[in-house]
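Each chain is listed here by its residues.
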Amino acid sequence: MLLEVRGLTKRFGGLTAVADVSFGVAKGEIVGIFGPNGSGKTTLLSLVAGLMPPTQGDVLWKSAPIQGRPAHEVAAAGLVKTFQNPQLFAELSVIEHLQIAGHLELKRRLGWKRLATLVRPEFGHAGGALQARAEHVVRLCRLDASRDRLAAEISYGEEKMLGVAMALMCEPELLLLDEPASGLGAGEIENLEAVLRDLKAHGTTLCIIDHKVGFLGRLADRAIGLHHGAKIAEGAPDEVLRNPDVVMAYLGHSRDRI
Amino acid sequence: MGQLLLGQLLNGAILGTLYGIIALGVTLTFGITGIVNFALGVFMMLGAYAAWYFTDVAGLPYPLAVPCAVAVTALAGLIADQGLFRFTRNNLVNGLLVSIGMIAVLEASALLIWTSTPKELHRVLPGVFVIFGFVLPKMKLLVFGLLLAVIIATYMALTRTWIGRAAYAYAQNPEAAQLMGVRTSRLQTGVVVYSTALAGLGGALYASLYSLEPTLGSLFVLKAVEAAILAGIGSVIGSLFGGIILGVTEGVGSIYLPLAFRDAYGLVFLVAILLFKPAGLFAGRR
Amino acid sequence: MKIRLGVVAAALAAAAVASAAVAQDVVKIGQIEAQTGTLATYGWMGHQGANMAVAEINKAGGFKVGSKTYKLELISPDTRANPQDALIQLKTMVEQQQVRYVFGPFLTNVFNGIEPYATQQNGKILMMGGATAIHAQLGKPNHDYLMRTWNWDAGSAGFGQLLVDYLKKQGAKKVAMLFQNDAFGKVAVDIYTPIFKNAGIDLQIELFEPGTKDFSAPLAKLAANKPDFLFPGYVDAVLFDIVRQATETGLYKRFFTVRGSMAPGLKNKDLIDDYIAYLPKWFEQAEKTEPKVKEFVAKYKAFYKTSEFPYDQAPLCSSSCYDHVYMLVEAMKKAGTVDDVAKVKAALMKERYSGLWNIRYDDTGEAVFDFDVLHMRKGGAITATRVTPK
Amino acid sequence: MKSQQAGLFIVSIFLLALPLWVKSDVVLTILVFSWLQGMLAVSFNLIFGFTGQLSMFHAAAFGVAAYATHLFMQHLGVGYWTAVVLAALLVSVLSIIVGTICFRFRLKEFYFAVVTLAFSEMARLTVLNWNDVTNGSLGINLQEKPWLLGFKVDGTVPWYYLSLFALAATLLVCWRVVHSWMGRCFSAIRLNDELGDTLGINVFRYKLAAFVAGNVIAAIAGSLYAFYLGSLEPGFLSIDQSLGIVAMVLLGGRSSVFAPVAGALLLTALPHLIHFSAEVRSIVYGSILILTILVLPQGIYGSIAALLRKRHAA
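Protein chains in written order, with our numbering: chain C, 1 to 258; chain L, 259 to 544; chain G, 545 to 934; chain S, 935 to 1248.
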């Protein structure tokens, strides 16, 4: 298992956002986590990515516990998360976002030697490779048209895609995507799907949360259903989607009545 | 020594309400306009000089001079808001610099008009109370009571009236409040003017206790900002307690520790609180 | 041949001097003082007085040195108590405005900031200031340019010793000193600690941050030791508050001050048993008894078009102010030059000036002048003793 | 880019040649102070303008280093430059302590400003009251002048070159840092530190790096300033000093490495260009500050750049 979550629980005061959730993600697969709004999906992802410490439970990354570690360390370990509402650097252009996101890769390549590039920039040949990669990611994510526009000026779909693009710059082993398709048009979703399939083909493991059942159903190898913070189903996407508890959670009543 | 301590607890609390009234202005202004108005210090100075002018020069009785001074300060606040602060909404640093500029302008004007000779109001209410062997001037106690009443009244108004709730809603979520029909620019101007009026009141009452010089507000406003942050910016009742905690820390600190470091005692306390309760002691309370 | 050359050289030199004199019929006085900020009191009064004297002299047609009549010009920028600004201002005066006579500074940090440059100008300028730090530099090598216009607390001609002796006669055994923690506050502690010790009086010291307004804590703390006298300092801005809070609470009834005016004492006269103060001059009284002072007060009111004379600040005119402009003019006349600062200084050192004060300089170049020791008793009755140091 | 380099070259030559034809000691003195204040402004902008942290510790870094340089020379018997290095080391240690406390506890924006102000005030009160060491409020006269390459740096012209060199070095360092991967990390922290965190940027480390680097440059500026002025006083560490630096940066413009120098030049020279009576001058000064902020909210540089961009677009 690449990632193993064991008995993860998060309480905010009296509210339990995530209740005793356990699951695993194996290398190379796409795991879909879905559940209605407020089912604790985003909190679960934030806990895994180190944005907040869990109340209880363990997150094992390659069998080593990482719960409670700061987000940047988690990211450095190869586990990168995108945000549901695009988080961007308003004053910067698209390409600058990708340059910033290339930091981890620079650090991996040069380590402490990257300090030397401050004195002698010609040592920074890694920078050239990173720039090439940024350009590649721009094309991959079909952001070429907006390459030099400021984040504040691009469309919502592009913003979301930029979020994925930045995560890709980190070259993650496991990419955690928080509702990547929400708010996107049909064309944009198709585009996103193509990018994600391409990623999978290159060996990146994906863990996607979404409440859009159809999108996840097409992509995921395995699915997990979440309701009121607790795992209510796990298995092949079709099975899980047919699970009466899941249906109940989504529709508020049994499927029979539809 | 116990008597000394008790005395300083009491005196610190009284001085603290003076910090508190300015801190309240700082808190309200910050909550609604997003700037820390250091110029409240010069409005306090204005209020103090106005109170002195109305009583000792124009010959009004002090109880009448105080509202006059408050009115003058509020008017000055309105002019400053419409002419200057209107353009720095939600820009912390620009607001800070405009306040610094205003301090320079108003302090120099005060120096030009009133010179650096300290002004001292005639005794409004002479006499003292003796409480467990600690001697407390009556006027100090009166000022304490008045400030306490004003701060509590403000608290009530903010929690019980429509306008108060609108202001509070705005501070929590400007967009939602706007959708609900809160008129932003009026609300902001209203709060800025009310804050300057509070500073004017603080100044007018200050004038009955201490001598006046043009620079009196600059140091005071720093203490007020400390108090506001100590309490958690945005909390009305917190600004009162923040002021009192600061006043007591300084008072008690300076009897047991060297007096020369008095200003540091409050700061040490402030840092300690911010580290362990980063949003302030009364965070999340009104 | 040799003689001829000498004659030519002398003639050329004379011509050069003559042309310089023609070009310059204004003598400029520069004033380096803080006129805004928390310690503006000193600079402000100095400027008021010097400005007035300059205007008076010019109105009377200037003054004559040799065959030439000169007018005065006062250049007084505001240092804002900032050494950086003061240094630039002094350089501007010396380099661009041909100022040779500098009044001030009163503030020690400002003096420290301009001292290195001023010392380089030794021989070209004459600096007459009141700053505490000037005292230590008087008479040092390369410091001939320096004179101190205020009298010193300690020493044989000092008023501090005299006042402490007077205090001892009043039965003082324990004195509590409450001073502002700044340059003069620190010096005052250094000066008065040995004086009190020699007099066998117990001295307790507390220093407070400038800007303090509520003295409840230190007053209560000092009172625990039951001192006979409170010795607060040192500007009116804090004296008003200290004396008021000390008397209001009934903790102190006897006071002793070496700076500041009588106003804080008079304001609380019914609660005070003794208020003993050093004052360069008690203007309220002197206005009645000394014609020169009366004339000064009247001229001040007319000049500044005000009905209020700053009685509390006027004593500060004892340093680098009104009298000192007249003294300087007098010295230039006696020396027969407006350019040779060494000669002018020599003339100043010999001068016995009688204006608002009777002023002379001691061997080091520090002013010695007559002053008042005031003793206010309960109800406001003041006895003044005029002291003329030997 | 080429025109920029040419411009930089011309400005450098102009500034280097300036003392050859400007003989006025006053003008050169104003420039020396401007360059040293410029170092402060530029280094402060590294923390504030680029990393987004409103530090009020700058005056403390400046003042502590000024005192420390003198004290190291006096008590350790080391030369000026060694003392400067030691003082910079001391300041970096202090900055690491203060920065660690502030950033570990995630103090942001105004809270950060107030806590750094608190530490700065504690430093000032220590300097003010540690009489035996600092001579307290009376300050210290500095007789020594530094030696450089066998020359004694004494007089305005040598100091002009030394301060200009120090400023140029500061600009070079800051320019390199800002336009490197590290500068990108700073931008990320300023604009959205949570996002930076998830992208693997160690927000704490880079905030601390900016804070320490800025303070160390301020420390060097302090050591130079004190020995140029020839005296030390607790006023070096005052709040006014920190606020003055903020004003310089905002007047100049915080979006550029070079722009704060314009602010420093303006604020240093301005008091000597306006000839009014003291009170009126203070009023004029305050009004200029207010007007600049209201009319040129992005500072002189930002406003000119915006104007040029508009022209370019039109």
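One or more hints might be untrue.
Restricting the straight-line Cα-Cα distance to at most 27 Å, the calculated cross-link-like pairs of lysine-lysine (DSS-like) are [claimed, not checked]:
1. 813(G) with 377(L)
2. 396(L) with 832(G)
3. 797(G) with 377(L)
4. 843(G) with 377(L)
5. 377(L) with 811(G)
6. 894(G) with 396(L)
7. 396(L) with 849(G)
8. 535(L) with 957(S)
9. 377(L) with 770(G)
10. 1042(S) with 572(G)
11. 797(G) with 836(G)
12. 377(L) with 894(G)
13. 845(G) with 377(L)
For the record, the hints were derived by calculation from the structure and aren't laboratory data.
Legend entry - Hints breached by this structure: When the structure is compared with the hints, numbers 2, 6, 7, 8, 9, 10, 11, 12 turn out to be violated.
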